[in-house]
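A.B. asks: One letter stands for each residue in the lines below.
There are 2 protein chains.
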Amino acid sequence: MHVFFLQVCEWREPEELAQLLDLELKATGESQDRLLQRVQDVAKYSIKTSHPRFLNQQFGGVDYHALAGRFLTEALNTNLFTYEVAPVFVLLEMEVLKSLRQLVGWTQGDGIFCPGGSASNMYAMNLARYRLFPEVKSQGLYGLPRLTVFTSSQSHYSVKKGAAFLGIGIDNVIVVKVDDGGCMIPEDLDEKIKLSKSQGAVPFLVSCTSGTTVQGAFDPLDRIADVCEKHKIWMHVDAAWGGSVLFSEQHRHLMKGVDRANSVAWNPHKMLLAGLQCSAFLLQDTTNLLKRCHSANATYLFQQDKFYDVNLDCGDKTVQCSRKVDCLKLWLMWKAIGSSGMAQRVDKAFIHARYLEEQMKKREGFHLVCKPEFVNICFWFIPPSMRGKEQNADYQDRLGKVAPAIKERMMKQGTMMVGYQPLADKVNFFRLVVLSPQVSTKDMDFFLDEIERLGNDL
Amino acid sequence: MHVFFLQVCEWREPEELAQLLDLELKATGESQDRLLQRVQDVAKYSIKTSHPRFLNQQFGGVDYHALAGRFLTEALNTNLFTYEVAPVFVLLEMEVLKSLRQLVGWTQGDGIFCPGGSASNMYAMNLARYRLFPEVKSQGLYGLPRLTVFTSSQSHYSVKKGAAFLGIGIDNVIVVKVDDGGCMIPEDLDEKIKLSKSQGAVPFLVSCTSGTTVQGAFDPLDRIADVCEKHKIWMHVDAAWGGSVLFSEQHRHLMKGVDRANSVAWNPHKMLLAGLQCSAFLLQDTTNLLKRCHSANATYLFQQDKFYDVNLDCGDKTVQCSRKVDCLKLWLMWKAIGSSGMAQRVDKAFIHARYLEEQMKKREGFHLVCKPEFVNICFWFIPPSMRGKEQNADYQDRLGKVAPAIKERMMKQGTMMVGYQPLADKVNFFRLVVLSPQVSTKDMDFFLDEIERLGNDL
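Chains as they are written, first to last, in the working numbering: chain A, 873 to 1330; chain B, 873 to 1330.
Just so you know, these hints were derived from the structure itself, not from any lab.
A portion of the hints provided could be inaccurate.
Since copy identity is lost for identical chains, a pair holds within one copy or between any two.
Said to hold, decoys possible - Below 25 Å or equal to it, Euclidean Cα-Cα: the simulated DSS-like pairs (lysine-lysine) are:
{"#": "1", "residue 1": "916", "residue 2": "970"}
{"#": "2", "residue 1": "1178", "residue 2": "1207"}
{"#": "3", "residue 1": "1207", "residue 2": "916"}
{"#": "4", "residue 1": "898", "residue 2": "1128"}
{"#": "5", "residue 1": "916", "residue 2": "1284"}
{"#": "6", "residue 1": "1178", "residue 2": "1298"}
{"#": "7", "residue 1": "1220", "residue 2": "1234"}
{"#": "8", "residue 1": "1128", "residue 2": "1178"}
{"#": "9", "residue 1": "1284", "residue 2": "1178"}
{"#": "10", "residue 1": "1064", "residue 2": "1102"}
{"#": "11", "residue 1": "1314", "residue 2": "1220"}
Only chain A is shown next, with the shape it has when bound in the complex:
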């Protein structure tokens, strides 16, 4: 018997989907009936990311209070650059940032919402550079010594993208070794910094990761802070993924030492389900560094002769001009469920992940890549035909083709979604991310059964 339920996706080949959607934009408009059909088509063929079996990425699920906040944000359609046009949101953003900073362990500081964690990481890079060489803002990098950034081999790719974009160059991102769990090794960091100095470069930023993208590893922040203090280097924590553990009494130890950082990137659109985009960049600084570094003092927007306190005009803290309101949805959700509700959400994700880990150990074909420290479950599925044949010359090669093959079947049948990737010397494995509180034990059991169903004949 086959039970019908809403698909996670209705896969169509790109050419077919393009035809179904009738993409072309024409001179004349269409009837309301036709438009309503289009809205239905868009929904039908889009991925159901709020489906409990969408486990593909570090977002998913839905919080209805946040969704209400998002609809309201759209309806109010304003720009978060001055108190004048966004009085409510300027105050809300300040409050949300303050509350996030408190969780980091800071009683004061600064911050801003950015269009994604990559932008937050770039902000950290730009501020660290400016603090060391304020003249970079006016003169650029010309005449400055070579600057180097340090980050682990498993950090997010945005560190390299940021270095390229900011004119520092990818080669000046020095890759620090990780241990088996995927955590940065502070001793290697210390050595690499010394080496870089000896080569005439100026190390100016260490970008740690709290919750790496694939393995979910947490760098040892306290020990890294020691190294940063010793060398007087800006310590940034990319906690885009893992930051939300700070809500949980039980799990916040994973980020012990984060209060010693200079800056933190934290995306509530991931584990907290605030909805895309919601990325906070937090700063311990109290010297108005963010504004000094980024401001252009445009007289048409940031007039100094306004009748209210122009320090409320936050727009010159960013490198954007138009800036979307990303704080309301988080504020409303936080009001709705409280910090305790957020903590429960985080704790529940861990419980789900531990459940999956235990179930995988009980099943023959599932092989964990590493012991999960967070809610990323990395595993290989070994089809029956390959079991016990680890010594065969083509074993790794064949294993690397299993995940893509299962993924294709899963997408085409639309039953669920999960991602895969290689990592360092490890061939393709699945990375399952559990974060939605709507995921049930039944969903997780289904997931394991489904992997077997899709992969047993490979």
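Following the hints, complete the assembly by docking chain B onto the known chain A.
C.D. replies: Chain B alone, transformed into the frame defined by chain A:
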């Protein structure tokens, strides 16, 4: 008799508003009734940017089809980086970009939606630099000659912000003179480029403006293209504000020569009312420059062994990772009203602006700063007490205080909103921006009456 109508704003002092909103985030959640009240408060004290008397900025008004698209985007909550998680939106974005490019006059090319026009302008800068010196991506600016950017004195401040952010430095943004209308003088551009070269720098980007922020001036693109071609420099057009004239047969001549540009930034969230944020970055290039320049080839996201054409995974064209879906609202609105509806919207804004211009000429206290080329109406209001006293020593000083004083009264009474600013040697003047098709003659007459009512006793 006083007629009541919905206020544009319900002004509150920041401290009072903070109290009214009860901002604090607590451990426990709240009742649904309380949350509903909060939603009402947020709406009540927010600026009504879709009100026909919100004329403060280059956004405003509402298009209900676009709004439906925005709600749907929020509900579907996905990330525009792979075909896998955003099949519909990958195709929609390609189609919308293609259609925008066609209006620019390109039959092929590339592009991406960015979080705002500032980001688009930075992308142009990064691509131009990479095209000239591909090694900048890996090695940074070290060892490269000093690079210089050229833009007019009235261009948007994001050009300078971008130069600072990208490590080029604000001092390396060479300011080109404008004529009385605020348009870049190509002869001065040519001279400044030669001068910069003679000083050992490498001019690599000219950032033209189609629709300057304050005056609404259009740089002479055809003549600037001649200069760019002669010197082999990347020509970028910041048409964030003015780009929408390309829909109008009657007004597209303002951007004659845009097809000779290398890149264009165009924000449909401004004049077309697509809703914040909607910023297209368009590119004539067909050599995959965008991806080559920005890619990091993250194996966890952009796997090359997928079962579909991985060229559809657009995420590596950007410096973001998470990227909000900004194309659906524009696509749906375009389907609803067609290109002809867009053209009418643009034409109507011009008609409104001409009406205001004529009415101002008929009223004694209104003095135009310059003849409007676009829909920005820049004017001084001269209170009766100052008329005929232009020769007084304190006249300019007093005049500069009129706009802020009227603005304060307007905000506190909440009847309408319009911005003001100084510009070069001109003291504070109002800049009225008409763009919403919902603005009526009555609204415009009201605007003029209201300026008089608020300012006649100054």
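A.B. asks: Against each hint, give a clear statement of whether it holds in the structure.
C.D. replies: Verification of the supplied hints:
no., hint, result
1, 916 <-> 970, "between (40 Å within a copy, 24 Å between copies)"
2, 1178 <-> 1207, "neither (32 Å within a copy, 42 Å between copies)"
3, 1207 <-> 916, "between (32 Å within a copy, 18 Å between copies)"
4, 898 <-> 1128, "between (57 Å within a copy, 23 Å between copies)"
5, 916 <-> 1284, "within (14 Å within a copy, 47 Å between copies)"
6, 1178 <-> 1298, "between (59 Å within a copy, 17 Å between copies)"
7, 1220 <-> 1234, "within (21 Å within a copy, 69 Å between copies)"
8, 1128 <-> 1178, "neither (43 Å within a copy, 38 Å between copies)"
9, 1284 <-> 1178, "between (58 Å within a copy, 13 Å between copies)"
10, 1064 <-> 1102, "within (14 Å within a copy, 47 Å between copies)"
11, 1314 <-> 1220, "within (15 Å within a copy, 57 Å between copies)"
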